[in-house]
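**Q** Given chain A, put chain P in place with the hints provided.
Residue numbers (my numbering), protein chains in the order written: chain A, -6 to 367; chain P, 2 to 286.
Where hints are given, some of them may not hold.
Derived contacts from chain P toward chain A, CB cut-off under 7 Å, selection only [to be verified]:
1) Ala180
2) Arg182
3) Leu184
4) Gly185
Bear in mind the hints are in silico, worked out from the structure with no lab data behind them. All figures in this text were calculated on a predicted structure; none of them were measured in a lab. Using N, Cα and C, we set each Cβ at its ideal position, and we do this for glycine too.
Each chain, letter by letter, is given below.
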Amino acid sequence: MTAPKPIITFENVTKRFGKLAAVDDVSLTVNEGEFFALLGPSGCGKTTLLRMLAGFETPTEGRILIDGQDISNVPPNKRPVNMVFQSYAVFPHMTVADNVAYGLVVDKVGKAEREARVAEALELVQLGGLGERKPDQLSGGQRQRVALARALVKRPRVLLLDEPLSALDAKLREQMRTELCTLQEKVGITFIMVTHDQDEALALATRCAVMSRGVLQQVATPSDLYEFPNSRFVADFIGQVNLFEGVLAVDEPSHAVIKSPDLPVDIFLDHGVTGPRGGTVWAAIRPEKIELHKKEGDEVPNLGDAPKGTNAVAGVIKHEAYLGGSSTYEVEIAGGRRVKVQRSNLTRWDQEDFKLGETVWLCWHACSPAVLLS
Amino acid sequence: MAKRSAPGPLEYLRRWQMQAWLAAVFLFLYAPLLALMAFSFNDSKRNIVWKGFTLKYYEKLFNNSALLEAFGNSLTIAAVSTVISLFLGAAVALALWRFRFPGKAALDGAMALPIVVPEICMGVAMLVFFAKVLPWPQGMPWPLNLGAIIIAHVSFSFPFVAVVVRARMASFNREMEEAARDLGAGEFRTIKDVILPHMAPSLVAGALLAFTLSLDDFVITFFTAGPDTVTFPVKVYSMVRFSVTPEVNAASTVLIVLTVLLTAAALKLQGNPAATAGHGAGDGK
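Excised from the complex, chain A in its bound form (with noise of 0.2 Å):
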C-alpha cells in the first residue's frame, strides 16, 4: 500500500461566532481518495467545518490547506472544491442540462467539450436521457443526482457533500448509500460528508472524525470508533452502549480488573489497560456483546476465560422489543441498574423464548469491554 497523500489539512483552525466557537482548534488532515465523514450531533460545528473548506465561512484563526496551499482567503469560486448542498440547490429555471453544464459555462469551457462532459456526467449519475427537463418535474431523488452531476462535472480535487441523504426516505436513502460508495470508487475524487446519522457515516466512509461542541473527539475508521471509542461521548454517539463507572483494582499486562459499583461482579479483562490505577475508568459493552442464557450461574459460559464470578451476573427481563432482526432487552440486575442486551434472531421461533419478568443470566467476553479514561 502506498503512503497515504495529505490533499486537504485543518491547521489548529476555530471559528467564531460572536464569543460561541462553532469550531475549536481543530487539526485534522484528509488523505486523496478518502471517503471522510464529518459526524456529530447537530450544532457540534461539522457543518460550519464543510463551509469553511467551500469558502463559505473564513476561519477565526488557524490555516486550510488544499494540496498545500493555504485556501483561508480564497473565494468559494476559485476553490478545487465543489459541494452538494442539503437542499440540493438545483436551478429551478435551468434544465438538468444547463444545471450540469453551469461550471463549465462560467469556466468558459468550450461548447463540444461542455456537451461531452454534461452528458458524461449525467450518464454517471445515471440521468441519461432526462437533460431537457425541467428540476420540478425531478423525484427528490433525482434532484440530488443533479447536483452529483453538477458538481462532479468540474472535476474538484474534493466533493462535500452536505447532509447528502437527509432528505430522501429510508428506501431511497439505502439505495443511495451504495450508489455514492460506488460513485466514488469510480471516479476516484475525495469524498468529505457531513452527517448526524451514525448508520450512513459508519456504511459509507472510510474514515470519521466525530465532533462535539466544536472539538474534534476522535478520527478513525468506523470499526475503530464503534469498538475502540476514546471517549464516553463517542462510545454513545456511535451505536448503543453500556456504560458501567468503576475503579481499576487490577492493571497487569496480560489481564486487568475494574470494580464498579454498579456491577454485583467484577469485570475481567484479559489485556492490560494502562491507565490511572486506583482511578475512575469507565467500561463500555455494547448490547450485541452480552449473551443471555437461562442456565444457573456455574453453567453460564466463561467466555475468554474470564474467572469464575467475573463477567456473568443474574437479571430479570424488564422490556423487551422485537425488531426482526434481533431483538433487544433490558435485564434489571441487582442493585437496580438495566443492562441493554441485544440479540440476533438466527432462528424462525426462537427455542428459549425469553419473556418478560424471567430471570436470566448474561455474560459477556473477557476482550467484549472497552475501556475508557474520560
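**A** What follows is chain P alone, placed relative to chain A:
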C-alpha cells in the same frame, strides 16, 4: 330528495342576506363604471338620456390636442417613474433582505410611510417642498419639466415595488446563491444567473404596479403639476369642472381599460402567491 342541511358558519354564501349584500356590493361597485362606459357611446351632448350609439366622442377625444398632450405626459411620467421606482425598490428590497445594518428597522418602517400616509398630505407636502425647499426650475423643455411630478410619483410607488420584491425574496433559498458561487460564479454573475431569475416575476409585477399607480394618480399630481405639466387625470378633472360630457366618459373609459389590462397582466405574471403580498395595499391606493 332530502332537504339540504342548514348552512354552516363558513358557508355564508348560502344565506340570502349575504347573497343580497354581495349583489349590492357588485351593483354599487360596477354599475357606475358600466354606466360611465355605456354613456361614452351616447349620442347626446348631455349625459342624461340615451339617444343612440356613436363613436364620435372617441373621435373628438383623439382630436383634442390638450387631452392628448396630457395623455402623453401621463405615459411619460409613468414610464420614467416606473423605471426609477423599479431600481430603487428592488435595491431597497435586496438590502433589507440580504443585510443586517444599523437602522434597518427604521428604514423598514420609513419605507412603508408613503403607503400609509394619506395621499392628500403627501400632495400638500410635495407642494410645499417643491415651492419652498427645492423649487423645480420653471420653463424647462419637455420632458424635463415633468421632473417634479416624476420625483413625487417615484416617492409613492417605489415602496410598492420594494414590498413585492421583498416578499418574493423571502422564498429564495440561500443555498442557490452558494451553489452558483461554489460552481465558479463571481458575485455579479451570481446575481445575474440566480438571484435575478428568482426576482423576475416580482420585478414585472412591481413595474406594472408602479406604472398603474403613476398613471392613475390624481391627488399628488394635482399638487405638483404646473400649468404646462397637466396629466391625464388632472385634465379630465378640469374638463369635469365645466360639464360632464361624453368626451369625459370616453377619456375615463380609456384610462379604466388601460389600468385594468395592466393590473390583470401584473396578477397573471405574479403567479407565486408569496409575491402577491403587496397587492392588497396596492389596490387600495
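**Q** All hints, please: hold or fail.
**A** Results of checking the hints against the structure:
1. The criterion of a C-beta within 7 Å of any C-beta in chain A is met by P:Ala180, whose closest approach is roughly 4 Å, and the hint holds.
2. The interface hint given for P:Arg182 holds, since its Cβ lies 4 Å from the closest Cβ of chain A, which is under the 7 Å cut-off.
3. With a least beta-carbon distance of about 4 Å to chain A, the hint placing P:Leu184 at the interface is held under the 7 Å criterion.
4. Hint on P:Gly185 holds. Least Cβ distance to chain A is approximately 4 Å, under the 7 Å limit.
Consistency with the previously given hints is maintained throughout, with no hint failing.
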